[in-house]
Structures are given as structure tokens and as C-alpha cells.
Amino acid sequence: MAYLLEARNIGKRFPGVVALDGVNLGVRGGSVHAVVGENGAGKSTLMKILSGVYRADTGAILLDGKAVEFASPRAAEKAGVVIIHQELNLVPALSVAENIFLGREPSRFGFVDRRRMERDAEALLDRLGRRLDPRRAVESLKVSDQQVVEIAKALSLNARALIMDEPTTALAADDVERLFGVINTLTGAGAAVIYISHKMDELFRIADEFTTLRDGKWIGHRAASETTPGELARMMVGREVSYKREREDGGRRNVELLRVENLSSRGIDATRATRATRATRATRATRATRANGRRRLSDISFSLRAGEVLGVAGLMGAGRTELLESLFGVHGTTGESRIVMGGQPLIINDPRQAIKAGLALVPEDRKAQGLALNLDVGSNITLARLERFSRFGFLRRESEERVAREYVERLGIKTPDTRAATVNLSGGNQQKVALAKWLLTGPKALLLDEPTKGIDIKGKTEIYRLIEELAASGLGVILVSSELPELLALSDRIIVLREGRLAGALERSEATEERIIELATMGNKEGGNEEGGNEGDGNKAAHAAA
Amino acid sequence: MKKAETKETETKRRMQRLKSLAATLGERRIGRVKLGRLKPFVGLVAVFALACVFSPSRRGEMIFLGAGNLTDILRQVSEKGILAVGMTFVILAGGIDLSVGSALAFAATLSSVMLMRGGYGTPETLLAVLAAGLLIGAVNAIVITKGRIQSFIVTLAMMSGARGLARLVSGGSGVEIGYGEGGAPPSFAALGGKLGALVPVPAIIFLAAVAAAWIVLNKTRFGRYVHAVGSNETATRLSGVNVNAVKFGVFSICGLLAALAGIIHSAQLEQGNPNDGVAYELDAIAAVVIGGTSLSGGAGTVVGTLAGTLIIGIINNILGLNNVDANVQLLLKGVIIVGAVLLQRK
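Protein chains in written order, with my numbering: chain R, 1 to 546; chain Y, 547 to 892.
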């Protein structure tokens, strides 16, 4: 059968990286084609090329067997290829109908023909089997219905190929069912759906075919009937990491540094996490989705020993960042949650208490949360421990300068001097500044969230070495990373999270990429239902907050 | 006819020379960071030079450069300058304070009411009025941090609230400050007067405020935190800094300085009028922005604010000396605000 949409031998480079290399994808009308791969495998880049956001350097895109070139997302939409992003692209204050026909409002004598617009919107929603009031403001809808609005918008564009990027991340179980119903309606009418997700169990329910990518390369294509989750997991992994672990196995000490018991998060306050960013009406939708995507943790227990690197694995949205932030007092935890450090139970409701207890958090997003980029390198290094360099409120610049320089040297931060603006440093060096800031507080346990994200190979290796040095010196390190090779190389033990719960713990000797992916994607069956319900709560809470 | 022509070309030539001088000054680099800090001064030098060029002369001397005129400029800008110093703290920390004009009016009114109707002496009055200003700032900060409302909105509300308070205190009208029998103590008059024959006291207070602010912003832990909060509030909070306390500090300082400006205002005008100080907050913000402080917070200097204040003062002065219509002055000020920001972005 001929392909409706086909990508042949697609290649795409970005400065310094090859994002895609010889990738093929053939999507048939009336079917769902899943594209799978680890974070950074090139799925998003491929989707952006198919939907006209990027242009491929090499290769061709064929629609109905004819070569096409999309100059813009608008051109792709016109040709019938529409993408629905994970973070929905709707204007919250406008109505359902207004969103569906945004920029293409039916008009009469130059005025918007509201009645026709609403009638047409209703007809589209009917086709999707979802009755929504077209006059309702999108912000008052729950996320799954907002998604339906996006799909209706795609339909109104006469979409024949629909790309859905992680559509179920923010959905409760029954909403997932409804979405699958809508997808079946679409494919029943002959449309092609390209579906990106990390959730294997879901994929095997909805997808007809699979294409696997790894490190920007095409790895294989399988029909759903002739493959297994295990095989796909094997196809997805297998990335090599050049880093060679330096510490001896079993070098960790048998001293418990930190014990976490039954950690569950209270309803998460989305405003608190994003207060720094000035909210405008337009960004509120994204924020609401994020709040929905924010995972509530339930019942997590583990311990961290001195001199140990504890890896935390899990898919995007599994609650890894939330775990670190909960330990650091950014989010509230429930009454049953216990954090014990050095035998002492702790109450941590604020980063200040966490720092006092000897914790340090290097957040994932350096720019938004990690560093004050306008300030100079020295000021960033001393920020968390500035009282050490002041007397009666006045700064002692010489001693501050001396210590800052010491850390610049010790961590090998490449900067002309400590007075240079942090924003001018490379990502790797910025990350070292963030590390220096926390080392200066003399922490007992270091919480690292994706410490090598967006950092080049050389910088990564330097940070790996640093992490090992710190562990060897007796610090406990909790390392969150989406890069499994990195996690496997550095960790003494790995815990895997899935949908806010502990899915398993692996000793270094038994940890493999396959095992981790299996735990992160499959979970056990009984857990599944409960998690669905839990997710529903999360949705409701987020709605209440929004 | 011919004489006029030569005068015109002469002026042109002088201008050209000054322009190229300003340009070379602007291009000189003393490190990357330093250049940005110099920009307000390049502007100040340029405006100063232009003022010399356009200054009318009397008996062969430029009126603009007269010692009396120069100190008068300082006196004229001192009230808004003090407001701008407080505003610098708030803007550096990533906020905005729209209530300073009303706070100034409230402070001026309260001063005159205390002196004239309450019969209080100068020290008590100063103490009470400054405390009241501090309180206004503190209330702003508490509502902003505890209520999690943007400073724009909270201080907009305070702008109205403080003005209402000022009218309540005086009963709606201005209160004249008279000296002598049954009037205000003469020590209060000194606040608006001159030291010796030439040096205006308000100017001294303004320059002292700039110096104090410079020390606080550059030499203290609090000053470092102000910059850090403005640069990245989340990162600063995650570094264990009490961000709310920092905000409390900057808004309190801003309120305190607004009260100080209000006291000087009433001493200079010899009355406290609850309807004064309208739109002063906008002039203060303009001075801060012309001085190179970024409205998004984290970057800027109080010395830049001094330069920005003087730039506005000199321009108003020279336009006044040339009898330019006050409406044109307003128009030009608008042009200069945008021009200064454009200049700084390069």
C-alpha cells in the first residue's frame, strides 16, 4: 500500500551536532504510526521537519508519492500535515470556536460571522464524538478537551496527516481512552496519525507500526503485530558512552546519609514554582499544561549512603525533578513523608532549611533556576554562602574574591576572571559555577538534576570526573539524568520512577539500559489503574490551581 | 546678514566638534562591562556640551555655566533625584514602585500639618514622616510578597491610597508653612535653604543619598542580594536567600527616600500640598532608565541614576533658559527617554 506521507533519507545538522542522519519514515493512511526513541534520539527534529518548522538538509518528503517542500508550518498545514504539540497551542481566553478558526474566521461584510463559526465548530466536534460548547473559553476546559479542540482545529484545516507529540502526558486514564476513540475516528476516515510517546503499554494499544530512532539514526521499522516491547527497548538503547568510570566498585561507605520514607507530595503550587516568570495571559495556557504535567509523588522511599552516587531514572514527567525539589523544600510534602539525615528527622519546607541540613540542589535549568546570569562569576559562586564573606552586613571583597578564585581553579572554570559576567561562559563552565556555588556551602548530599544537559562532550567528561571526585570524598550524590549511559557509568545504585512512584531499584551489577527502560515504561499491571486514578487527582488539583 | 551667517556656521562647527568628541568617548572601551556603565556619562557629557553650545550669553559669559545656574540645576533635580535613587533599588530588584509621587505628597503634607497644626519640632516631625514613608514601602512589600501580586499593581493601588491619605491628613487643601511666632521652627526652613551663598541643602541631601545608595548596593550583602533577586529570583531563592526580606528592604528604602524627598519638597515650597508630586514616579523611573538600569532588573547602577537625573535637569534648564515652550520641553523629554535607551542597547 502506498504511503500517504513519507520521509526518505532525511538528514539535518545543527551547528556542532548531526541531529538526523538517513532517517526514513513511511506513514499509511488510516493507520497510526508510532515513532519511538530515547530523549535526544531525534524524534522531535523529525516531526519539526515533517511539519515545516525546520527544513531538512538532505532527503525528501513525499505526500501521496509526490515530493513536497514545506517552507513554513503554514505551508505544511495547507498541504494537510498538522502537528499537535505537547504544550498545546491555544489562546486560553478565546472560545473553542475562536480557537479552532483563529486566523481563518468566517466573515460576512468584513465582520466575523459568529453564528457560522460556532456552527462549523460544533460540526467538527461532533465528528470527533465530543460535544463541547463552542462558546466556552478554552481555559475553562480540562486538558483532554483542550486537546480535542486542537484536533478539531486540525480537522478544520483538512488535516490528512496528524502528528501528535506525547499527547497523553497530562491525561488521566479515562481521558486517554477518549483520545484513543478520537484517534480511531480519524484513522477510520482515512487520516494518518504519527504518534510519539514513551509509554509502551499505550503504544501497543494504539499503534499499527513502529519506527525506532536512536541518536538521530533510523534503527528499524516493525509492524505492531510482529514486535514486542522488549525488542523495541533493545532497539532504542545501545548508545555508547566514552566515559570510563574511575571509582572502584564498592568504594562507597556504609554510612547512611539520607533516608527518605513514604515521600508524597502535597498539591503542588504551580504559582510558586513559576512566580519568577511574569505571567501574561498568553503564557497561562502553557503554564496550566505544565502544572498538569507536574507529577505528584506518592510513597517514595530510599536511602543514600555517604560516598555513593544514587542514580534516578525515569521518563520525562515521571517525577524525577519533583523528587529533588521536594527534598529541597521547594514543594510541600504530606505528613507521612519522612526525611531523615544523619539519624535526625528533618522538616524541610524551604530551601534555606534544606541548605542548613547539608543539602544542595543544582537544578536542571541553569538559566531559569540555577544561576543569576547577569551577575559575575564570583557573585554567583558565593551567593548561597555570602554571610561567610560579610561582617556587619558589609562584604569582605578580598576574601570573597580569594575563595571564588580558588573554586574557579579547583573546578577548572574557564573564565577571564571572577568579575566576568556569567552569561558569557559556555554551558559546561556555567554548570561548574553552579556546582562551585554549592560546594562552597559544604554540603553532605548533592542533588544534581540533569547536570550535563546541553553540555558538549568535553564538558560532560569534566563534570563526570568532578561527580566521582566528590563521591570519593564522602559526599552522597543523587543524580537525575535522562541519559542512561551516563547514569549507568556513574551510579552505584539506580532507582527508577514511573508516574510519581518508585518502579524499582537496581544495584550497579544488575542495571542495564533494557532493565531501566522496562521498569520506566511498563511498571506492573495492578499499579497501572491506581496510577491512572492518581493522575486524575493531579489534573483536578491543577485545574483548581489554574 | 553676513554676521548672522558666520554665527550660524560657528555654532555648527562647535557642535560638530563636540559630536565627534562624544563619539570617540563612547567608542573607547575599558573592558566590556565598563563600557555600558560609562554610557550614561557619555550622554551626560554630550548633553552638558550641547547645553554650553545653546546657552544664551550675558555680558560674554554663558549663563548656563554660571555657578548660580549650575547649583540651581542640582537643587531643582534633587527631589526627583532622591525618588530616583529609591526607585533604583526597586528596579534593580526587578520591581517597580508607582507610589513614590503620592508618598512624596503624603510626606510633604504630613510635615506641614505636624509643624503648623501639631506644633511639633523639627526632629519629631522628621522622624515621624520618615517612619511613615518607610511604612508605606513596607506595606507595599508585604502585599507584594504575601499576596503574590505584581509590584506594578500593588504600588498602583498605593499610589491612590497614599494620595487619599495625604488629603485626609490636611483636609484636602495645602497647608502653608509659616515661620516666626506660633509657626514652624526655623531649623526646618534650613532643609530647603542654602549652605553659604551657593550650595543648596537639597542638593547635598540628594548627593548624600546617591553616595549612601552606592555603598549599600556595592559594599553590602543586601546590595548583592538586590542584584541577585533582580537577575534571577528563582535561582536566588533556591540559593537560600530570603527573597521576601530583600523585597521588603528595597521597597522600604524606596518609601523612606520618597518621604525624605517630600520633606525637602515642603521645606522648599513652604507648604505641604496633598495634590503635589503627581507623575513624579514617572520622572523617577525615566531617570533610572536613562541612567542605564534595566527595567527587567539585575543590571544597573545608582551612579547611572545620578547621570540620568542630571541629564533631565540640564535639558529642562537649557530649554528654560532659551524660553522654549514648556509643552515642547515635555515632548523633548519623551524623545530623550527613548533615545537614551536606544543608545544603551548598542
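Since the hints were derived computationally from the structure, they do not count as laboratory data.
Careful, some of the hints might be misleading.
To be verified - Calculated pairs, SDA-like style, for lysine to any residue (alpha carbon to alpha carbon, straight line, at most 25 Å): (1) R:Lys78 - R:Leu157; (2) R:Lys48 - R:Arg135; (3) R:Lys367 - R:Leu157; (4) Y:Lys692 - R:Thr512; (5) R:Lys460 - R:Phe394; (6) Y:Lys765 - R:Thr415; (7) Y:Lys765 - R:Arg119; (8) R:Lys356 - Y:Ala845; (9) R:Lys367 - Y:Arg694; (10) R:Lys367 - Y:Ala845.
So, going through the hints one by one against the coordinates:
1. For the given pair, Lys78 (chain R) sits about 7 Å from Leu157 (chain R) by alpha-carbon distance, which is consistent with the 25 Å threshold.
2. Taking the CA atoms of Lys48 (chain R) and Arg135 (chain R), the gap is near 32 Å; set against the 25 Å cutoff, the hint is violated.
3. Restraint check: the Cα-Cα separation between Lys367 (chain R) and Leu157 (chain R) comes to about 37 Å, which exceeds 25 Å; the hinted pair is violated.
4. Straight-line distance between C-alpha atoms of Lys692 (chain Y) and Thr512 (chain R) comes to about 48 Å, which puts the hinted pair past the 25 Å bound.
5. Distance restraint check for Lys460 (chain R) and Phe394 (chain R): the Cα-Cα separation of roughly 37 Å exceeds the 25 Å cut-off, and the hinted pair is therefore not satisfied.
6. Between Lys765 (chain Y) and Thr415 (chain R), the direct Cα distance comes to roughly 23 Å. Compliance with the 25 Å bound is thereby established for this hinted pair.
7. About 66 Å separates the Cα atoms of Lys765 (chain Y) and Arg119 (chain R), which puts this hinted pair outside 25 Å; it is violated.
8. Between Lys356 (chain R) and Ala845 (chain Y) the alpha-carbon distance is near 30 Å, which puts this suggested pair outside the 25 Å criterion.
9. Only pairs whose Cα atoms come within 25 Å are accepted, and Lys367 (chain R) paired with Arg694 (chain Y) is accepted, the gap being roughly 23 Å.
10. Straight-line distance between C-alpha atoms of Lys367 (chain R) and Ala845 (chain Y) comes to about 16 Å, which keeps the hinted pair within the 25 Å bound.
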